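Chain L is already provided as a structure; the job is to place chains H and V on it using the hints.
Protein chains in written order, with my numbering: chain L, 1 to 540; chain H, 1001 to 1337; chain V, 2001 to 2336.
If you are wondering where the hints come from, they were derived from the structure by calculation, not from laboratory data.
Predicted model, so just to flag it, every value in this text is computed and none were measured.
Take these hints with a grain of salt, some might be off.
[Unchecked claim] Chain L is nowhere near these chain V residues, computed Cβ spacing over 10 Å in every case: (1) Glu2016; (2) Asp2029; (3) Glu2100; (4) Arg2202; (5) Gly2262; (6) Pro2306; (7) Tyr2309.
[To be verified] Below, a sample of chain V positions facing chain H; criterion: calculated Cβ distance under 7 Å: (8) Gly2070; (9) Gly2073; (10) Gly2082; (11) Gln2105; (12) Gln2136; (13) Pro2173; (14) Asp2174.
[What the hints assert, rightly or not] Ranges of calculated distance between the beta carbons of each label pair, as one might list FRET restraints: (15) L:Arg285 with V:Asp2229: 49 to 55 Å; (16) H:Glu1336 with L:Arg226: 57 to 63 Å; (17) H:Arg1200 with V:Asp2051: 33 to 39 Å; (18) V:Pro2149 with H:Thr1018: 55 to 61 Å; (19) L:Asp436 with V:Val2205: 36 to 42 Å; (20) H:Lys1319 with V:Val2205: 30 to 36 Å; (21) V:Val2205 with H:Glu1328: 55 to 61 Å; (22) V:Pro2149 with H:Pro1322: 22 to 28 Å; (23) L:Gly295 with V:Gln2320: 38 to 44 Å; (24) V:Asp2229 with L:Ala263: 33 to 39 Å.
C-beta: ideal position from N, C-alpha, C; glycine also.
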Amino acid sequence: MPVEVILPKVDMDMTTGTIAHWHVAEGDSVQKGAALFDIETDKAAMEVEAPASGRLAGIAAQPGDRVAVGTVVALIYGEGESLPDRAPAGPAAAPAPQPDGAVEVILPKVDMDMTHGTLAAWHVAEGETVTKGAPLFDIETEKAAMEIEAPASGTLRQVAARPGDRLAVGSVVAWIQPAGAAAAPRPQDTAGLSAPLRQPRPAATPATPAPVQAAEGPADPEARRRATPAARAAARAAGIALAAVGGSGPNGRIQRDDVIATALRPQEAPRPADRPATWTAQAGRLHVSDRNGTGVPLVLLHGFAADSQSWAPLEKALGGQLRLIRIDLPGHGRSPRRKLGGFAELARAMVEAFDDARAGLDRVDLLGHSLGGALALAIADVRPRHVRSVALIAPAGFGPEIDAVALGGITRATRADSLAPWLRRLTAVPEGISDDYARAAMRLRTDPDLRACQADMAEVLFPDGVQPFDLRPAFSRLTCPTSVIWGRQDHILPWRQALSAPGDFALHLLSGAGHVPQIECPERVARILSRHLAAAAQEN
Amino acid sequence: MSGGDAGQADNRPFAIRTYAPDRLREALKRMYLIRRFEEGAEDSYMRGLIHGTMHLSIGQEASAMATCMELTDDDKITSTHRGHGHCIAKGADVGRMFAEFYGRETGYCHGRGGSMHIADVRTGNLGANGIVGGGLPIAVGAALSAKRLGRAYVTICFFGDGANNEGAFHEALNMAAVWKLPVVFVCENNQYGMSTSIVRSTAVPRISDRAAAYAMPGVTVDGNDFSAVAEAVHAAVARARAGEGPSLVENLTYRWRGHSKSDRNRYRTKDEIDDWMRRDPIARFQAELIAHGILDAAAAEALAAEAAAEVEAGIAFAKSSPAPSVAEVTRYVYAEP
Amino acid sequence: MNSLADAGLRVLSYSEAIREAMALAMEADPTVILMGEDIGVYGGAFQVTLDLIDRFGPDRVMDTPISELGGAGVAVGAALTGLKPVYEFQFSDFAMLAMEQIVNQAAKLRYMLGGEASVPVVFRLPSGSGTGAAAQHSQSIEAWFGHVPGLKVLQPATPEDAKGMLLAALADPDPVMIFEHKLLYKTKGPVPEGHYVTPIGRASVRRPGSDLSIVAGSIMMHRALDAADRLAADGIRAEVIDLRSIRPIDHETILASVRKTGRLMVVYEGVKAFGVGAEISALVAESDAFDYLDAPILRLGAADAPVPYNPDLERASVPQVDTIEAAARRLVRREV
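Next up, chain L with everything else stripped away, as it sits in the complex (with noise of 0.2 Å):
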């Protein structure tokens, strides 16, 4: 019997999921344990495991699709079991026309180890026409990079794939209907499956019904909204309407704070979403400064709205011996603003400074505080031969949970006491944070563009108030000595989260201290770093 790969519930309240990508096309071999493909749900990005080894067939969900969980997407045939009949993928076949004549255009296996291609452009438009045999887009391999032909006439329609992505043998990329047949839907099954796959399974939770349209209902806008009675009450005190106001509970739920935070901002403000870029972006590299000594140097990677000055006080209570390299992350420090999608271009451009950074250097020691110790981990995930070891302050990236809201509130103060109600957020305790380090932290922050530019990166980093983005798989890749250290007080990223990072790692938990313990308790952080350090010299 063939082993069926189904869509895997990931997340507890995930009902469907998104296939990404496929590491491997119908026919292929494949084992158990390894990647067989990506999908990502409204939290995170996960490969997922093949569950038996044997060949693969039947794919019956492609890039893009969205299927229920417990769907069977795939089957595994074993030793001596047949695989179904299939028509052969590839150009050499003409793949058999559909009931309604549509004719889908695959991305083609073109050289004899390929598993994936990457579509670099497109020769036609959707709806243009297009004739059999004509150049129809180039794919690129590692080998190579090819012209495509159509194969078939008609007009190109559905068209799925865009130039530079990255895409599995066999994915459908467009279909070609026929001159003189109207418009179908995209089929559901792909020509030639004998082994009929079985219904999916229905999901554990049951289907979340359609939303209600809203035909009856309050007119009123406001009361349309998601909000908690505390927040529409603080709303109404402060005389501010739920439509300013982002929303972060679960649905994008206005909660209390969020109101709170929203009345903080020093002038009413259409959200940040349809405000106009108050800001421009900037040329040039980021900045990096450097502390001489002796040793493999140690890369120091700050949090979000910090900046490379943060880590004095750590840097003080390591001593003076150690060579420190600090980059200032975009928009942040003496680092050029960039407008960032989200966080895989950011660490994009964390691995550029890095390569910068550390540029005739063998390798080096990384230490990440929050969103720097996720970027630590990107960082060491591509360049694990330049990485010794990984320590991590409360880092960002091990699970959805975020106080967004005290990080927005930071960016958007304009004003050291209207800062300081969310500096107070970072430590264990309201007190940790004196008027004086409130005012000073203000001085760094007087530049408007600089806020703007940090509160969109906020809206892109942390949409909705969650983390989307899921280091757990890069950190399970280390290799290399890894310490985190956490706050048991942290108000920001709650502790527990390291609990879910899978692992060989150590976890040192501070009692007393909140989010930035470098700040908190310098001594007590260097002390664990030190012997951390010394651990990992000791390896090598």
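Here is chains H and V on its own, set in the frame of chain L:
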């Protein structure tokens, strides 16, 4: 008793022998009062002046009155849903009873209980009860109090033939016997539960047969014979007062009207009803009293008229009484501080 | 947190505290009697009335036949006529046999008789699961009686309250039902000497907090406190309110707490559906405290099944410290 000794043997009915003439006259008047009361209540109901329903005891007046002859204000009764007669026999004021039926503030229960829950705790009437069998354990509890508190009162527990199949009946009789409590269980067997005749519902031919199962004396009497009832109850009450424990008295009687005002009387024949109506307990008692010179026909008529006048006055009182305030719907749920 | 804990009070078990209340009351008032199955020489199924028969004799510590309906009715009748009976149901489940006398008679007599009658009866009911006694001997049905006007329904969680509430019940002219959790009988706590009453209808803030309010009664109050300890280690400050009285409910204490924290969780052992939590959720939702809610109200109650026999199932079918803690975290983390 043989009639040998001239003038010495007293062959008069028990009631005539035992109770003073004024008490007997009062008893007859009370029976009239019960009858007129029930008729007045029925009339008010049919005119749409009374809410809900009512359970009339017309035809059972001897059972109620003769049982209560033995009792003082200190003695207690628990009654049934068909308890208007018991209440009046125990000395209730018909005006306050009508006021309660009319749902007025001046009723015995301030308009909150209605027909099925008439009570006058101060004169020992622990209340009519809407649950068949509900009053049985309560009566035993009242008897327990008497024993524990060293009080001399006796508790009469009225119940109907239907109740004798409730679990509460069996549990109550058992406990009364085990603890030897001063309670008398008086069953008014009017042959029918609601519509189910006792023949079809009860495993024994006589309810008094069940007394033996609970180690207490049980007797069945003609419930429409004032003296028969009085004598049986007298003995039972004496037994209880002497600390010898409970007894069961079964009064065979009949209700002229249906179970409640919704009853269409489909389960019994007109002949049966007519037959019992000819054996009217009031007429019987009255004839007996006249025969033994306790009163004459004119005096009897006067008593009947008095009763009628009292009922009329009672109805007038009820009609002119205020209704309870809607704002006070939750008053009396809990004790007031 | 017992405010009297540091006054050097002696410690009694929950059942000893109840026994002491009974003895005190019976000494002071000859109209107080005890009734129940096996409460005399046997001392009661849970040994609460142990040795009282030696002190007060069989006329005041009365073993009844197995007749819950009749026995409860006798208690009602006795209460109506001058005695103050304390009737012990051997298991709260058996009260179902006496529903007629409790609900139709005891609860209603005062009202039906227009205030002319008083039924000062106390019913004591060993309640709850965790002893493997299975479905018919483990129920938590206090919510049923919360639904009946005319009754008062109490749930002492501590020995101090167990004594004080019984004494308060005996002083009350209306029928009172006291639900004692079986697993609490052996728990110990400080108990003041002599006579005192725990006022009926007053909840108690056992642990102040600002991040969420947990309302719980009986054994669940203790579990909520344990959960609060764990939450505190992560800076989550839960306020734990001991409900104590189901009828009447202390609205004000609960509402004040919700206004402060904006988040509410109700934890109870009765079946979740139609239980105490439903009432409390509703009373908060229809009050002014509604405007302070920053999250939906959570209820943790027993599973929708008869109490299972298997110990793991039994344990899993009611809220435990773990589940209370987890729910509190979800509430605070805005996962609901």
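Item to check | Non-conforming hints, listed in increasing numerical order | outcome: Those not satisfied are hints 5, 12, 16, 17, 18, 20, 21, 23.
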